[in-house]
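Trainee: Sequence:
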Amino acid sequence: MRREPYGFPYVMELICTVSPMGKAYKRRLMPYQNEKALQEELRKTKAFSDRLRMVEKEKEEVRHLLSDMKDLQGLMQMLLRGETLSVVDLYEVKLFARQLRQMAKPLQQLNLEEKPLHSLEGVELLLDPEKEDLATFYIYEVYDDRLKNLREEKRALETAIRKAVDGSKRTQLLLERRSLVVKEEEQEEEIRERLSKALVPFVEKMQENLTLLGRLDFFIGKAEVARNYQLPLPKVSSSGPLSMVEGIHPYFEKILAEKNQKLTPITLSLVPGSTAITGANMGGKSMSLKTLFLNATLVMKGILPFAKEMSMPLIEHLYLLDEDQEEMKKGLSSFGGEVLKIQEMLGSLTLKPSLIIMDEPARGTNPLEGSAIVGGLLNYFKGRPHFFLVATHYDLKNMSGISRYQVRGLQDASLEDMKGHGEKEKMERVKELQSLMDYRLEKWDGEPILGDAIRISEFLGFSGDLIKEIRNLL
Numbered sequence: 048m049r050r051e052p053y054g055f056p057y058v059m060e061l062i063c064t065v066s067p068m069g070k071a072y073k074r075r076l077m078p079y080q081n082e083k084a085l086q087e088e089l090r091k092t093k094a095f096s097d098r099l100r101m102v103e104k105e106k107e108e109v110r111h112l113l114s115d116m117k118d119l120q121g122l123m124q125m126l127l128r129g130e131t132l133s134v135v136d137l138y139e140v141k142l143f144a145r146q147l148r149q150m151a152k153p154l155q156q157l158n159l160e161e162k163p164l165h166s167l168e169g170v171e172l173l174l175d176p177e178k179e180d181l182a183t184f185y186i187y188e189v190y191d192d193r194l195k196n197l198r199e200e201k202r203a204l205e206t207a208i209r210k211a212v213d214g215s216k217r218t219q220l221l222l223e224r225r226s227l228v229v230k231e232e233e234q235e236e237e238i239r240e241r242l243s244k245a246l247v248p249f250v251e252k253m254q255e256n257l258t259l260l261g262r263l264d265f266f267i268g269k270a271e272v273a274r275n276y277q278l279p280l281p282k283v284s285s286s287g288p289l290s291m292v293e294g295i296h297p298y299f300e301k302i303l304a305e306k307n308q309k310l311t312p313i314t315l316s317l318v319p320g321s322t323a324i325t326g327a328n329m330g331g332k333s334m335s336l337k338t339l340f341l342n343a344t345l346v347m348k349g350i351l352p353f354a355k356e357m358s359m360p361l362i363e364h365l366y367l368l369d370e371d372q373e374e375m376k377k378g379l380s381s382f383g384g385e386v387l388k389i390q391e392m393l394g395s396l397t398l399k400p401s402l403i404i405m406d407e408p409a410r411g412t413n414p415l416e417g418s419a420i421v422g423g424l425l426n427y428f429k430g431r432p433h434f435f436l437v438a439t440h441y442d443l444k445n446m447s448g449i450s451r452y453q454v455r456g457l458q459d460a461s462l463e464d465m466k467g468h469g470e471k472e473k474m475e476r477v478k479e480l481q482s483l484m485d486y487r488l489e490k491w492d493g494e495p496i497l498g499d500a501i502r503i504s505e506f507l508g509f510s511g512d513l514i515k516e517i518r519n520l521l
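Numbering (the numbering used here), first residue to last: 48 to 521.
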């Protein structure tokens, strides 16, 4: 059972994050559980994506600074544990505070409606006491007069060493310098201890800034994807259908484009209860399921959907049950794995709506029992608050009270016009057939459904005698 949709990692790759904080934020992304918070997040994403072109220069300035930043969470933990930071560590903290100051102006012009970053002016004053505003750090003499005196004495000794002619005198001066270096290092360590303690009161603000910067990085990335793909603002409400108009699956679209093929947009609408999709096994049912599952997951995580329009209520859980190769590797039969996953899923459901999608459940058992299992699942979810969507090739003619879609398939194709393909390679025939398939979904009109299986079998080479025997059994 999948909670992360096919193609979700691909969408995450499309959302460019340039900082370690942004990448960490992306990895931790979770679905929203509050309707108003989700609506607001989607609204802000759409609003910013619409005005990105007007603030392109400022956005790139912010992104450039983000790309140079390091994740200082480890240093923050060291400070909280009372550890002393090294000179390099103190440099990283100073640089972070400086970068935040440089980011303030372009970030303000982006007008992101986000929680503002905390000023770290106090950190800069602490680590840049001479106000040089340089991207460097060392233990300044202004920190302690004793350090200043030690360094002055050391410099005088170094001058004397350079002028010394007598070897024994020079050796004595070198020994004195070594002693001063030890004292200098001890003094510097004492100063680093003081600076580390002085930074502790700023840790909470710096940690919150790191979190806000991760969100900022991710937010800019997902707004860019929304602009590039012209993604819509979905409607999220407390009730109503789960509807997708001309939804696409960007990963599959990419794969098909590499083969010079086009992806068919999917339109369907679910109401609470049960919905079934029927059609030939090569009719694109799985694609429809995965497209809806991906886009519903994206919306729940605050990302605009790859569709012309989309509306849905707040969903508590999203499940996709398909053939699980991992369970089979563990030694479970495909059907046994399905039963365990269905039981696990049912145990997690509450009175809040969930989206449960199953792709050809019970395919691993005999047709009579398989049909009964699918029918039982459809009946079970009737009248419940969840959105249950199943793709199946089993006969559902006696089912009532469920919504049904069918794949248009080869309804409008004339296979007779393509006779004479006998010498073609088998895979060429399959490709030819796929080019004729209409993968759009349409509401079932109540008429008995005869799928495309026989026409496909005939087209792919079943003999006339065999086809006749098959038709006699219908």
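Since the hints were derived computationally from the structure, they do not count as laboratory data. As the structure is a prediction and not an experimental result, all values here were calculated from the model. Among the hints, erroneous ones may be present.
With a Cα cut of at most 30 angstroms, we get these calculated DSSO-like pairs of lysine-lysine [said to hold, decoys possible]:
(1) Lys429 - Lys444
(2) Lys201 - Lys117
(3) Lys117 - Lys93
(4) Lys282 - Lys195
(5) Lys83 - Lys244
(6) Lys216 - Lys162
(7) Lys201 - Lys178
(8) Lys490 - Lys355
(9) Lys73 - Lys104
(10) Lys252 - Lys399
Trainee: If a hint holds in the structure, say so; if it does not, say that too.
Mentor: Hints, one by one, checked against the model:
In summary, the hint linking Lys429 to Lys444 is supported, as the alpha carbons are separated by about 16 angstroms, within the 30 angstroms threshold. Proximity of Lys201 to Lys117 is assessed by CA-CA distance (about 35 angstroms); at most 30 angstroms being required, the pair is judged violated. Between the alpha carbons of Lys117 and Lys93 the distance comes to roughly 29 angstroms, so the proposed pair stays at or under 30 angstroms and holds. For the given pair, Lys282 sits about 66 angstroms from Lys195 by alpha-carbon distance, which is inconsistent with the 30 angstroms threshold.
For the proposed pair Lys83 and Lys244, the alpha carbon gap of about 41 angstroms is over 30 angstroms, so the pair is violated. For the hint linking Lys216 to Lys162, the alpha-carbon distance of about 65 angstroms lies beyond 30 angstroms, and the restraint is violated. The straight-line distance between the Cα atoms of Lys201 and Lys178 is roughly 25 angstroms, inside the 30 angstroms bound, and the hint therefore holds. With a CA separation close to 19 angstroms, the supplied pair Lys490 and Lys355 stays within the 30 angstroms bound.
The hinted pair formed by Lys73 and Lys104 meets the criterion: a straight-line CA distance of about 24 angstroms does not exceed 30 angstroms. For the given pair, Lys252 sits about 37 angstroms from Lys399 by alpha-carbon distance, which is inconsistent with the 30 angstroms threshold.
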